[in-house]
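Protein chains: 4
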Amino acid sequence: MPLPKHLKPRKVPKQQRSRALVDAIVEATARVLVARGFESLNVAEVAEVAGVSIGSLYQYFPHKEALVVALLERHADRESAFLEARFTELRAATPAALLRTAVSAVLAFRALDPELHQALTSVIPIVGRFDDLRNRGARTAAHLRTLLEPLYRPKEGAPSLDELIFIVGNATHSLTHEGLLRRPESFSDQRLAEEISRLWTSYLGLEATPLE
Amino acid sequence: MPLPKHLKPRKVPKQQRSRALVDAIVEATARVLVARGFESLNVAEVAEVAGVSIGSLYQYFPHKEALVVALLERHADRESAFLEARFTELRAATPAALLRTAVSAVLAFRALDPELHQALTSVIPIVGRFDDLRNRGARTAAHLRTLLEPLYRPKEGAPSLDELIFIVGNATHSLTHEGLLRRPESFSDQRLAEEISRLWTSYLGLEATPLE
Amino acid sequence: MPLPKHLKPRKVPKQQRSRALVDAIVEATARVLVARGFESLNVAEVAEVAGVSIGSLYQYFPHKEALVVALLERHADRESAFLEARFTELRAATPAALLRTAVSAVLAFRALDPELHQALTSVIPIVGRFDDLRNRGARTAAHLRTLLEPLYRPKEGAPSLDELIFIVGNATHSLTHEGLLRRPESFSDQRLAEEISRLWTSYLGLEATPLE
Amino acid sequence: MPLPKHLKPRKVPKQQRSRALVDAIVEATARVLVARGFESLNVAEVAEVAGVSIGSLYQYFPHKEALVVALLERHADRESAFLEARFTELRAATPAALLRTAVSAVLAFRALDPELHQALTSVIPIVGRFDDLRNRGARTAAHLRTLLEPLYRPKEGAPSLDELIFIVGNATHSLTHEGLLRRPESFSDQRLAEEISRLWTSYLGLEATPLE
DNA sequence: TATGAATGAGGTTTCATTCAT
DNA sequence: AATGAATGAAACCTCATTCAT
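Residue numbers (this note's numbering), protein chains in the order written: chain W, 173 to 384; chain F, 173 to 384; chain A, 173 to 384; chain Y, 173 to 384.
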């Protein structure tokens with residue numbers, strides 16, 4: 173990774189054929205990244221797995237890092253879509269139930285492809301400078317704000333909403349990402365969601381709600 | 173990085189001269205790792221920065237990954253030493269104060285060299301298979317257990333101590349590592365330590381204690 | 173550039189549209205060649221600068237070298253036209269004045285686009301085998317012969333007219349091409365033309381004529 | 173040739189072994205350059221012809237252009253040595269004989285390896301920005317100045333010595349380089365040297381001297 | 001006829017590792 | 001024990017050219 177080159181794909185795929193090609197490449201990147209990790213991932217193999225010539229690959233992705241950035245974006249989009257679908261389902265509920273659902277949703281998405289999720293998490297610091305992580309973080313934070321704003325009644329001397337989002341966001345992220353692979357065996361996804369939810373309700377000063 | 177080779181350094185440095193040599197190499201690894209990241213770190217540069225011939229380097233480190241593993245170990249040892257020093261200072265105190273101190277200590281260590289801490293965090297998944305991370309986690313967990321055991325009185329249906337340690341450990345880790353770089357400006361180290369401490373006391377059902 | 177392929181453009185453009193297209197391509201070749209040099213010139217960029225699809229380009233130019241050869245031809249044609257226009261203007265004059273005019277004309281053409289002239293000069297050895305340079309040289313030699321024949325009265329043991337043309341042609345070429353870029357500051361185009369003319373009149377045993 | 177990188181070899185060969193290695197590489201560059209031209213010259217082939225691993229090559233030459241620059245330097249050094257040897261032989265002589273000898277010397281050096289000389293001449297514009305051509309020209313000019321200064325007695329309105337050097341130097345260069353390959357068959361090296369010498373004596377206003 | 005997506009051979013360069021000195 | 005020259009596999013990336021649409 174000598175120098176920051178282009179940040180974005182060289183061309184935007186317009187025709188249907190190219191779109192399929194780009195999809196195949198991104199998918200191959202996912203497979204190879206999980207199998208090998210970023211350092212050992214090599215572009216030729218990605219092209220081969222995608223069933224695409226390496227020249228075609230380079231028409232859309234100017235360098236190795238761009239592959240991973242595209243994958244990161246696809247993954248983030250899918251996660252957003254997934255979570256939003258869950259959220260719109262239940263608009264009304266007790267605060268604690270809301271939280272529990274949110275956490276469950278995150279865990280459920282994570283469970284769709286835990287290895288990929290893990291691989292992508294590790295790769296973020298490496299391609300960081302190629303990727304607009306600020307936006308990514310902002311999107312998640314906005315989600316959280318929507319969720320927490322109506323629930324939170326700060327008392328005198330209590331942290332601001334932004335501070336709260338920082339605390340809750342980071343801690344949850346850890347618990348649902350890196351940490352997830354090493355959790356105690358006694359923790360099912362459901363139990364974990366519950367417990368995280370309990371963490372937040374107590375921290376936020378909300379009433380706990382019994383599980384129904 | 174073809175295959176997992178040796179896990180440990182080839183020789184254990186006995187004489188004083190060799191020890192200085194190994195130290196210089198590990199220190200150079202730290203510098204280069206921060207400057208370049210793991211993928212771009214190359215062994216020749218490490219040797220040069222260390223003022224050591226590449227041949228000598230290979231007498232003590234069988235491969236590139238071993239450099240980073242050694243650095244990781246040195247860092248963990250220093251962290252342990254640092255934290256333990258802080259802990260033994262105050263044996264008695266209210267639970268909340270104890271927690272607050274613990275979190276402060278972690279933050280303080282982190283602040284000694286934030287970039288290195290960050291770089292090492294990112295590198296763990298890459299050299300994972302060369303490093304005995306289980307031990308590393310276990311050590312931290314043991315610390316936490318020592319800390320939490322006397323404070324925690326689980327009620328009926330509450331999580332076990334191990335589960336608690338998982339929750340508390342992961343969330344704190346995130347808040348004091350990756351997250352630390354992106355925290356809101358309003359969060360000084362002290363305010364952050366306080367808030368994290370408040371998170372845990374409320375979660376653990378302890379009384380909050382005002383700062384003295 | 174694996175092997176000598178075709179020497180000539182695939183099609184001869186007949187319709188007006190195609191002619192404009194070919195012109196645009198040759199013009200783009202000139203621009204890119206000056207900017208990048210032959211080795212870095214790439215066909216896709218030429219097509220883009222010409223505002224033409226790469227496919228269209230390949231309908232008229234079978235390979236990269238053909239682009240440069242066409243440019244070389246265009247340039248030679250323009251030079252011939254330019255010089256002939258100057259020559260026909262003055263039919264009668266003293267020999268020295270004639271020579272001075274000839275040299276001036278060459279310098280004047282050179283001054284129209286010195287960078288292009290330079291670039292084309294460098295590129296000749298590279299595309300040599302694709303281009304009929306013999307003809308090109310012959311044309312210039314014929315010009316010179318027309319010019320020198322009436323002026324030259326060889327004495328006993330003196331060089332033949334062909335030898336003379338070789339000497340005069342080569343030396344003038346150098347003085348009006350590569351050398352021109354590095355000439356002493358004291359040499360204006362006019363002074364240089366004068367001096368070259370003086371070189372030839374003395375060599376040819378002609379009387380020098382003062383500038384009018 | 174994306175960017176001007178290093179201008180000089182990475183290492184300076186110190187040990188005898190390395191010196192032989194560098195020599196072998198430069199020699200192989202000469203062979204391959206003559207056979208293929210600069211554009212088709214590829215580094216792997218140079219290494220192979222030199223009987224050296226490509227890695228070793230890159231320890232001394234940071235990029236393709238550096239190979240040719242080194243060759244250019246070796247050639248210029250050899251030429252200087254060759255010419256100086258000839259010049260010191262005859263200190264005293266008539267001006268015309270002196271000039272004739274100088275021209276002969278240039279032709280003789282040229283004849284040692286005409287194809288290489290030709291190849292190197294063509295390659296100068298390509299690697300120009302990597303090579304310090306200014307110095308190269310200056311060296312030749314200094315030679316010429318030494319030669320011409322005692323011979324030249326400028327009359328009123330005649331060109332300065334520097335201007336003279338420019339004229340003489342460029343024209344001779346052309347006649348002894350590019351032009352040499354296409355000379356008329358009637359021109360032996362000796363006849364050519366004579367004729368060039370005659371060109372200069374008449375231009376410089378010296379008396380011609382019969383060949384002894 | 002025009003387009004530009006697709007190809008893949010071919011090229012440059014890096015760098016972990018060995019081993020003669 | 002120390003050195004650093006040598007190795008060469010392996011990686012990245014370009015670009016002339018083709019051909020389906």
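Quick caveat, the hints were computed from the structure, so don't treat them as lab data. Where hints are given, some of them may not hold.
Treat identical chains as interchangeable: a pair holds within one or across any two.
As the list claims (entries may be wrong) - Distance condition first, Cα-Cα at most 25 Å in a straight line; then the derived SDA-like pairs of lysine to any residue: (1) Lys327 with Pro356; (2) Lys236 with Ile226; (3) Lys236 with Arg246; (4) Lys236 with Gly209; (5) Lys236 with Val206.
From a predicted model like this one, the values you see are computed outputs, not experimental measurements.
Hints breached by this structure: none
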